[in-house]
Amino acid sequence: EDQVTQSPEALRLQEGESSSLNCSYTVSGLRGLFWYRQDPGKGPEFLFTLYSAGEEKEKERLKATLTKKESFLHITAPKPEDSATYLCARHGEKLTFGTGTRLTIIP
Amino acid sequence: EAGVAQSPRYKIIEKRQSVAFWCNPISGHATLYWYQQILGQGPKLLIQFQNNGVVDDSQLPKDRFSAERLKGVDSTLKIQPAKLEDSAVYLCASSTGPQNEQFFGPGTRLTVL
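So the protein lines, in turn, are chains A and B. This note's numbering puts the first sequence at residues 1 to 107. This note's numbering puts the second sequence at residues 1 to 113.
Rather than coming from a laboratory, the hints here were simulated on the basis of the structure. Among the hints, erroneous ones may be present.
Beyond 12 angstroms from chain B on every Cβ pair, some chain A residues (computed) [to be verified]:
1) S19
2) S28
3) R31
4) K42
5) G43
6) T49
7) A53
8) E56
9) E58
10) K63
11) P80
12) T85
13) K94
14) L95
15) R102
16) P107
Ranges between beta-carbon positions, derived for each pair [to be verified]:
17) S18(B) to S20(A): 42 to 48 angstroms
18) R9(B) to A10(A): 25 to 31 angstroms
19) T99(A) to N100(B): 19 to 25 angstroms
20) T76(B) to G92(A): 42 to 48 angstroms
21) Q99(B) to K63(A): 33 to 39 angstroms
All residues carry an ideal CB built from backbone N, CA and C; glycine is no exception.
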C-alpha cells in the first residue's frame, strides 16, 4: 500500500526563521513526488514535482529536494504569507497525499 | 485561464438525504478527479476519469456514491443516502494527463447532521 508520512504535523516559526518540512514515502513504483500548498477554505495549490533523487526545484522562498526515500521542503526567511498547510503527495498508480504540515509564521 | 469551478461551496443535509456536487474542469483537461478531504487529513482519491471513462474508482463507496462525466467535460458526484461520516470537503481536480500536476477547485464543504 502506498504510504506518505509528513513531519512535523505543525510548525510555528518566527518571521525570517528558516526550517525544513519532511516527507517520507513508499519507494516502490514511484512516478513522481508532488508538493502542494493549501490555505484554509481553499483547494490545494500546486508547487513542485520531483522525479528523481538529487533533483531540486525552487520558487521564491521555497526549495524542494528529493532523495531515494524522502523529500524536503526548505523554507528560507519565511514571511507571514507563507503560513499554510503544505501537502506532500506520492504519484504511483494514483496520487496519495500525506496529512500535511501546518506552518504558521509569526510576525 | 479560468480554474476548476465547483458548486455548491457549502451544503448541509441530514443523514439519509441525497446530495450532488458539480465540477467544471479547466478547459482542455482530459483527466478529472474527485477527492474526499476529511478535516485534518490529506485528500483521498474517490474516482478518476480519463475523458468520459472511469480509470480508477477503487476507493469509491459504490453502495452510496456515484459519479459521472458526460461528454468528457463537466462531472457530478452524488451521495445517496448520506451518512454522518460523509462530512468532509469534496474536491474536484483536473489535469492534462494522468501523470501531470493536478489543479484543484475550491471544494464543497458537506456537513451531514
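Here is what the structure says about each hint:
{"no.": "1", "hint": "S19", "in the structure": "21 angstroms, holds"}
{"no.": "2", "hint": "S28", "in the structure": "17 angstroms, holds"}
{"no.": "3", "hint": "R31", "in the structure": "6 angstroms, violated"}
{"no.": "4", "hint": "K42", "in the structure": "6 angstroms, violated"}
{"no.": "5", "hint": "G43", "in the structure": "3 angstroms, violated"}
{"no.": "6", "hint": "T49", "in the structure": "6 angstroms, violated"}
{"no.": "7", "hint": "A53", "in the structure": "18 angstroms, holds"}
{"no.": "8", "hint": "E56", "in the structure": "17 angstroms, holds"}
{"no.": "9", "hint": "E58", "in the structure": "16 angstroms, holds"}
{"no.": "10", "hint": "K63", "in the structure": "18 angstroms, holds"}
{"no.": "11", "hint": "P80", "in the structure": "22 angstroms, holds"}
{"no.": "12", "hint": "T85", "in the structure": "9 angstroms, violated"}
{"no.": "13", "hint": "K94", "in the structure": "5 angstroms, violated"}
{"no.": "14", "hint": "L95", "in the structure": "6 angstroms, violated"}
{"no.": "15", "hint": "R102", "in the structure": "9 angstroms, violated"}
{"no.": "16", "hint": "P107", "in the structure": "26 angstroms, holds"}
{"no.": "17", "hint": "S18(B) to S20(A): 42 to 48 angstroms", "in the structure": "45 angstroms, holds"}
{"no.": "18", "hint": "R9(B) to A10(A): 25 to 31 angstroms", "in the structure": "26 angstroms, holds"}
{"no.": "19", "hint": "T99(A) to N100(B): 19 to 25 angstroms", "in the structure": "24 angstroms, holds"}
{"no.": "20", "hint": "T76(B) to G92(A): 42 to 48 angstroms", "in the structure": "28 angstroms, violated"}
{"no.": "21", "hint": "Q99(B) to K63(A): 33 to 39 angstroms", "in the structure": "23 angstroms, violated"}
In summary, the numbered hints that this structure violates are 3, 4, 5, 6, 12, 13, 14, 15, 20 and 21.
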